[in-house]
Every structure is written in C-alpha cells, then in structure tokens.
Amino acid sequence: MEKKRHNVWYKVIISAVILVAVMALSCCLGSVKIPVKDVIGAVTGLTEVSKATDTIVNKVRFPRICMAALVGGGLAMIGAVMQGLFKNPMADPSILGISSGSAFGAAVVIVFNINFVFHGFTGTYLGAMAGALLAWFLVYNIAKISGEHDLNSTLLAGIAISSILSAMITLLMTLHRESMEQVYLWMLGSFSNSTTQRTIMMAGVTAIIFPILIFLAPRVDVLKLGREAATGLGVSASRTTGILLCVCSVLLAFCVANSGIIGFVGLIIPHCVGFMRVYKMRGKLVMCFLVGAVFTLLCDTLARTLIAPGEIAIGAITSIIGAPYFLYLMLKNLMRERRMR
Amino acid sequence: MNLELKNVTKAYGSFKALDDITITIPENKLTVIMGPNGCGKTTFLRHIVNSYSSKMSVAYVPQETFGSIGMTARDVVSLGRYDKSKFYVRESEEDKKLISGAMKDMEIEAYSARNLDTLSSGEKQRVFIARALAQNAPWTLLDEPTANLDVKHADMLMSVLKSFNRSCIVVLHDINLGSLYADNIILMKDGKILSSGDPSTALNCELLSEAYETHFMSAQIGERNVYVSSKL
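If you're matching them up, the sequences are chains A and B in order.
The first sequence: position 19 = 27 (the numbering used here), numbered continuously.
The second sequence: position 43 = 1178 (the numbering used here), numbered continuously.
Derived by calculation from the structure, the hints in this document are not laboratory data.
Ideal Cβ positions, reconstructed from N, Cα and C, are used throughout, including at glycine.
Heads up, simulated DSSO-like pairs for lysine-lysine below, C-alpha to C-alpha not over 27 Å straight-line: (1) LYS152(A) - LYS1145(B); (2) LYS1239(B) - LYS1164(B); (3) LYS95(A) - LYS1219(B); (4) LYS152(A) - LYS1151(B); (5) LYS19(A) - LYS1231(B); (6) LYS1324(B) - LYS1141(B); (7) LYS1287(B) - LYS1164(B); (8) LYS1219(B) - LYS1232(B); (9) LYS1297(B) - LYS1287(B).
Just the calculated beta-carbon pair ranges, DEER-fashion: (10) GLU1244(B) - TYR336(A): 31 to 41 Å; (11) LYS1327(B) - ILE172(A): 40 to 50 Å; (12) LEU337(A) - LYS1327(B): 52 to 62 Å; (13) MET343(A) - ARG1225(B): 30 to 40 Å; (14) MET1191(B) - PHE283(A): 36 to 46 Å; (15) GLU1199(B) - CYS254(A): 28 to 38 Å; (16) LEU164(A) - ASN1172(B): 25 to 35 Å; (17) THR178(A) - MET1191(B): 49 to 59 Å; (18) GLU1242(B) - MET343(A): 20 to 30 Å; (19) MET343(A) - MET1191(B): 41 to 51 Å.
Below, a sample of chain B positions facing chain A; criterion: calculated Cβ distance under 10 Å: (20) SER1189; (21) GLY1215; (22) PHE1263.
Pulled out of the complex, with its shape left as it was, chain B reads as follows (with noise of 0.2 Å):
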C-alpha cells in the first residue's frame, strides 16, 4: 500500500511544522527525507505514525530515547514482536527468528544479554534500530538512524535496509550517503516539500542550496554525484 498524505498540515502555535503537504510515498522502496533541522522531518514521521498505526503495524524509532530502559539488548529486540503476541504466549518461531535475524543484521548478538543503559549511543541505536526490523512491520520509520553511527554501521544499516526491499522512510542527515541508497528522496524546507523524486531528480545544487540556505557543489565521483556545502 502506498502512503497517500493529502494536504497535511500541522501547527504548534502559529509555527506550521507541516504546512500543506501533499505526497504520495511509494510502497516497497527505500525513501529518505532530508532537510535542514526543524524543516518538519520528524513532524512528518510522526504524522505518519500517528494516522497509519490504527490500521497497520507502524515500526518507528524516534531520534532519541530517553531514560533508563533497564532491560537486556535481546529483551529490547523482542519488544518488536508485541503486537503480534497474544497474553502470555511464548515467542514462535518466527519471532524467534526475526529477532535473532535483525540482531545479526545490526551486528548487536554480541552484547544480546548487556543491560541496555550500560550500552554507547551508537549501540544503543542498533538495538532500537534491531527492534523496529524484528517488528517487520509494512512500513519502517527511522528517525535520524545514523546519527550515533560510525561510518561503518551506518553504511552497513542503509544497505540492510535496500536489501530488504521492504517500504521504509529514513530521515537522514547525510546527502550523499541518502543519494547512493535512496529509491525516493524527499526534500523539506519550512514544512514544505521542495522536491521529491528518485535522486537523480529530486537533488542537485541548486535545490540543495536553496534548502540548505548555503552554497553546494557537486563532483562526479565515478558514476555518482558527491554533494558539498562549499564553505567545507
């Protein structure tokens, strides 16, 4: 099922996060948001969360979680599974191995039995990240997955996340890791949509600039376009 947001609008206050938004997001394709901070991207998960969750199982991870969590990597990764369990029925099979499966694929086996709050940032973001793909749920959200990444573990989720060819929305802070994974790129700005499309399309300097309020440049590397801000 694709995404259909038709004239989405959300205000705190007399700020408009969202501000007339209408898209369609296509279903089994790796989309990344991109924009400057505050442009709405997290407004527009969330919106998504919010409105699809009645109807299908939404997996989400949020940019930061907060507090003590006081539970196992392992125990953590099984949360995924908590809408398809009934009261007090073990984990299937299946649960069993997408569990184990998205610990592997996020590289996090290794500390399955640490308390959580005694994990880094970084790992601690593979564990929730690990939880969202063991929910496999129709549509995944991530919120600034990489934000605690390494360049390694980043690189390695946004490939995770192509082969699975699943319908997933990441909001990234990255141009050029977004444009050598992205199916579909969204581009915001004040609420607004300022492009959409596959990469080739929906990014080049001057949207880049405009976005971004700062001069870009772009090199070809290869086959592949490498974005700069030129102040770097």
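Excised from the complex, chain A in its bound form (with noise of 0.2 Å):
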C-alpha cells in the first residue's frame, strides 16, 4: 500500500514536470522562434530581454500557454467527475448541455452582431457564458423537479436540452449563411482569443474550483456504491451530486467561453489516467488535470505552428492526435487485464 500511494505522487510530479517543460517548449515554438533563456528570462523577469520577445512571450503566448493548460486540465477534471458520478466510461462535460448553450450563446452574438466589449470582456465571451448559465439553469432545475436530485433526470434533461440547443445553432447558421465559417470556427474552438485579462479570470476560477473538487472527490468514489451504502457511510447523493454538478458547470462555462468545444479531451484524458493505474478519485482528478493540461497545450502549440500564421482548429488536433493515441492504451490495457486473469 505504501508503495502505491508513493506510485500516485510520484507520477503527479512526474506529470508536473512535464508540464512545466511542456509549457517552457511552447513557448519558444511559433513564427518567431525563442530561446528557452529568453522565454525564462521574459517570463520570470530575472534577465533583460529585448522588448519585442517580452511582448510576444509575456502578452501573447504565455497568457494563450495557460489558458490552453488551465482548460484543458479543467475538463479533463470535469469528465473523470462525470464518468464517476454516472458510472458511465462514455459521460464526458458534454452530457451537461452546457457546451451546447454556450455554442447557442456565442451562436447569437456572432450572428446579430453583438459587438461590445465589457471591461475588456468581448460580447462572444459573454455570449457564450450567459448561454453556458441558461442551459445550466434550465438542465439543473428540470432535472430537480421531482424534488431530489436525480442523476439521470439530469443526463436526459442534458441530451433534449443539448439537442434543442444545437438544433437552433444550425437554424441560425442557415439563416445567417453570412456568419456560418465564423460561428463554425467558433465551435471548433481556439486558444487564439487568449488575453492576460482572461486568463488571471480562468486561473481565479480554477483556484477556487479545483480544492472543491479535490475535496469532494472521494464522495464520488463512495458514491459508486450506490445510494443507500453512501448514506450510511455518511454520504448524502442527493447533496454530493447536487454540489459536483454546479461546481462542474461552472468550471465548464468558463472552459467553453474561452475555447470554444473542445471534444474529446474530457472524455480521453480520465481513461488515460486510469490506464496509468490511477484509480481513485482524488489522485485521479490531480493527475487529470496535469495530463489534460500538458495534452491540450501539446494540441494547441501544433494548431498554431504547424501552418504558422495560419491556425488549424484544435478541435481537430486533439482527436486526430488524441484518438490514436486512445486506442494504442485501450489496446494495451486490454492485453494487460488479460494476462492477469
């Protein structure tokens, strides 16, 4: 046992590691190429730099780096939630029907042509939150209205709010054809709206997210017993669920108003972790974070280097990267389970 627990530590400093470096390579790759002294220097202020590398490492990649990271380690965390609480290895952040409202948000500004900007927030980043809260809203008290809270009342309520959501993005995009490539791209997501502004704003809301979750994690273990074994160890569903849900979605609505629908990442990174032999909650929402992070800034550095200026939409890196990469672990996983029986 000893030796497991230190097996779980070692490879969230591994992982951090990682990340670390991960972060430092970043940002030195784009169209104009950085030292990592000088990448350090801007970023830690220790050594001068010329004003133009503090400008494109300090305002434009570091901000777009930690965003790319924060994001992707927050719907990494989301989905192992989700999988946890629905038992379920096909939930991902998407089943909330969050991202769907914050499309259908984003949607509605980018066609009417909404453009304002709130203390530096743009109308699309508002947008796409006050879509993320309705559906929320809506998903949340549907769910509620046979009194507690029903898990898979929320699922369904998700999947028809989610459809409906969807169904009125294409009505819009079919109408206002003008708009259709940048709603798409909108959807696709992108780090490339990335600002100091609101990457201090994710980093804040994952501060005060990520020891709630890290808290409340082995709940959703305990809660994997079934309802009635968790209240007699103390553990009330209806609540824990309650609490994990809008903690979840909260975290999510920042995530999607800043990227945009990135698939794939929640739904694959918990089940590498879990391939990792990182199985109980709490260790698996740290490492989850890590690797999601590190995979979505992988993805990200890619979208915006390999046809430097131009962007490929990192929706299609991460699966195009991410499900290969998928299978070759299930696939060794599988092996590995049928060696030991």
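Hints in hand, dock the two standalone chains.
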C-alpha cells in the first residue's frame, strides 16, 4: 500500500515537471522562435530581454499557453467527475448541455453582430457565458422537478436541452449564412482569443474550484457503491451530486466561453489516467488536471505552429492525435487485463 | 442498541411497500429477512439505512451495484473506512487491519489489484460485502448477498457473519441457509411481518406456504428441519 501511494505522487510529480517543460517549449515555438533562456528571462523577469521578445512571450504566448493548460486540465477533471458520478465510461462534459448552451450564446452574438466590450470581455465571450448558464439553469431545474437530485433526469434533460440548442444553432447558421464560417470556427475551438485578463480570470476560477473538487473527490468514489450504501457511510447522494454538478458546470462554462468546444479531452484523459493505474478519484483528478493540461497544450502548440501564421482548429488536432493514442492505450490495457486473468 | 421500528409505512403511490410495521430487531444477532419477491424486504432495509444513518454508521450492500466502478478491489474495500477517515489522512493501522481482514474473510485477496469491472458477478459481490465488513459498523445490512454466490461462498459468508457476533440483517431467498444460520428470522408478505423470532418458532410449513403461496413440506435431517416446496 505504501508503495502504491508513493506511486501516485511519483506520477503527479513527473506529470507536473512535464507540464512545466511543455509550457516552456511551447513558449519558444511559433512564427518567431525564441530561445528557452529568453523565455525564462521574460516570464520571470530575472534577465533582460528585448522588448519584442517580452511582448511576444508575456502578452501573446504565455497567456494563451496558460489558458490552454487551464482549460485542458479543467475539461479533463470535469470528464473524470462525470464518468465517476454517472458510473459510465462514455460520460463527458458535454452531457451537461452546457457546451451547446455556450455555443448557442456565442452564435447569437456572432450572427446578430452584437459587438461590445464590457470591462475587457468581448460580446462573444459574455454571450457564451450567458448561454452556458442558461442551459445549466434549464437542465438543473428540469432534473430537480421531482424534488431530489436525480442523475438520470440530469442526463436526459442535458441531452434534450443540448439537442434543442444545437438545432437552434443550425437554424441560426442556415438563416444567416454570412456568419456561418465564424460560428463554425468558434465551435471548433481555439485559444487565439486568450488575453492576460481572461487567463487571470480563468486561473482564479480554477483556483477556487480545484480545491472543492479535490475535497469532494472521495465522495464520488463512495457514491459508486450506491445511494443507500453511501448514506450509511455518511455521504448524502443528493446533496453531493447537486454540489458537484453545480461546481463542474461553473468551471465548464468558463472553459467553453474561453476556448469554444474542445471535444475529446474530457472523454479520453480520465481513461488515459486510468490506464496509468490511478483509480481513486482524488489522485485521478490531480492527474487529469496535469495530463489534460499537457495534452491540450501540445495540441494547441501544434494548432498554431503547423501551418503558421495560419491556425488549425484545436478540436481537429485533439481528435487526430488523441484518438489513435487513446486506442493504443486501450489495447495495451486490454492485453494487460487479459494476462492478469 | 436494538433497532426499534414503530408503525413504519412506506407507500409508492397507492402501493404500500411497508404496511404499518412495528418490530424490534435485537442487537448482536444475525437476523434473516425472508419473503416472496416484492414483499418489501429491500424497502425495509433502505428504511433502516435512511432513518438510522444520521445517528450511526450503517454498512449496507444493495442487491446489485450498477455501472462501471473503475477501481481496484482493494480500493473498493478501503471505501468502507471512508466515514472514519479525515481529510487526507493516511490509512491507520486499524484501517489496514480491518481492510485486509475483510478481504481475507471474503477470500478476495487474489484479486486485490484487479479492476473491479473485470471481475465476475460473484467476485464483485464478495468485494462489496468485504467493503461493508471493513466498515465495522454497529449494524451491517446485506440485501440478497448470496444471489451471485456459489454454495461454498454463500455458506462461507453466512458463517463469517455468524462468527462476528455483530448486529446483521440479511435478506435471503434460501430458506434453509437462513434457518441454519439465523438467530432471528423475519418472514414478510405484502409489506407486513408474517412471523418473527428464532427459526424454530418463526418458520414452519404453514407460515411458509402462506408467505410464498405454494405448498411446503419439511423433513428432518439430523437435528435440522429442511423445508422444500412440494412442487420441487
């Protein structure tokens, strides 16, 4: 047992080191190559660097890199919580209906050309946020009609609201073909709009929600035993589920408003972490955050460097790289399970 | 502490799953609940969990645990110690002793590191029971724990429960297994208690025939009464 615990922390430390390394590497890469020592100098302010380097690193790349890491980590954690709560390996953040709500909000702003900036936040960002919260409000209250918080109703309400909103987005795009490309690109996801201000905001939200999730993580494990078994262990299924869903929804709303819809991360990263034999929810969430951050950051780095100065939608990269890697891990794991039998 | 239930009624719409039940269940005894499908056995156990869990720790294992658990067998058993653990405190020596003891009792040490989702129903069931035993709660409630178990393991489970001298309530369908091990029997029908007490008084052919609506016969084997449905 001691060995096993040691192993989780060992994995966490290695992942954290990899994350820092990838962040530094990503800062170097781009249409302008910057040496690592200049990147470190610019970020820490310890050594003098040219003004151009300082601007590129601190104003452009670093906020974006942090944003990619935060959003990726957040999505992976939400995915892990969803898979744990719903006890379903296919669950991912999108089942809450929030992604569609966010996309709908953004689509409305883009299509009707509602251009405004409020305290530095663009109309699309605020529209996405409002859409996300609206969708969650609907899903949460529909699911709660019976009184207690019921997961199946949440799932079904999420799917229903999601498809209604997706249909409305399609309708909006068909009726306003001139905005179709812009809406579509937003939905594919990108970190190109990351600003220092947004990144700080995202970091703040993560800093509040991360400890809450870590604190509640063991309860997700206990809930897997069933409602009454959890009650017998002093965990209220209804209250815990309600709090977790709300907390995840807020985090997800921020993730989607900042980046658009990035699929796949929330689905596969929890599985990848499972393949690393981190099973208990607390360790799993920490690992998901780190691995999700590394993965999303790598994908974003490729998205902005492969055809620089152009950009590829990050949603496409996460699937093209992620899916084969996921299949590889899955097969490897199946082989291992077979050998153990 | 004995469990005292007074005038308990649970209704789903017009259907009364529990109909005005009043009973005292003695502590430190193995109580077995029997009765036909849908007579309210599970509702009875759930009622006890929901009404007593605010006062004390209650270990409960449902009939079936659905969905992907995605943890190793040992991780699942260690969840039994959840209510004793404080935020991020390592397992104490007592926790470790209870966890490994429960795993040994249920003979699941061999799959300790296996992912629960890859185990058979019977193996999983033993892991969940070990989880409840590790909880070491004042009351242990098991809903049809032997449903997926082979004869050897069903017998092993009952003798483990008996040897604990803990307060246990077990729902069983195997009348003879129940009458062999139980200190106290509750026979239910249509949300009511038909009979209760030690096996010699609470079980006889008339009561069983009435409960299951099929004719029962009994035979003496050694010192035991064995009951069989006459249709078998």
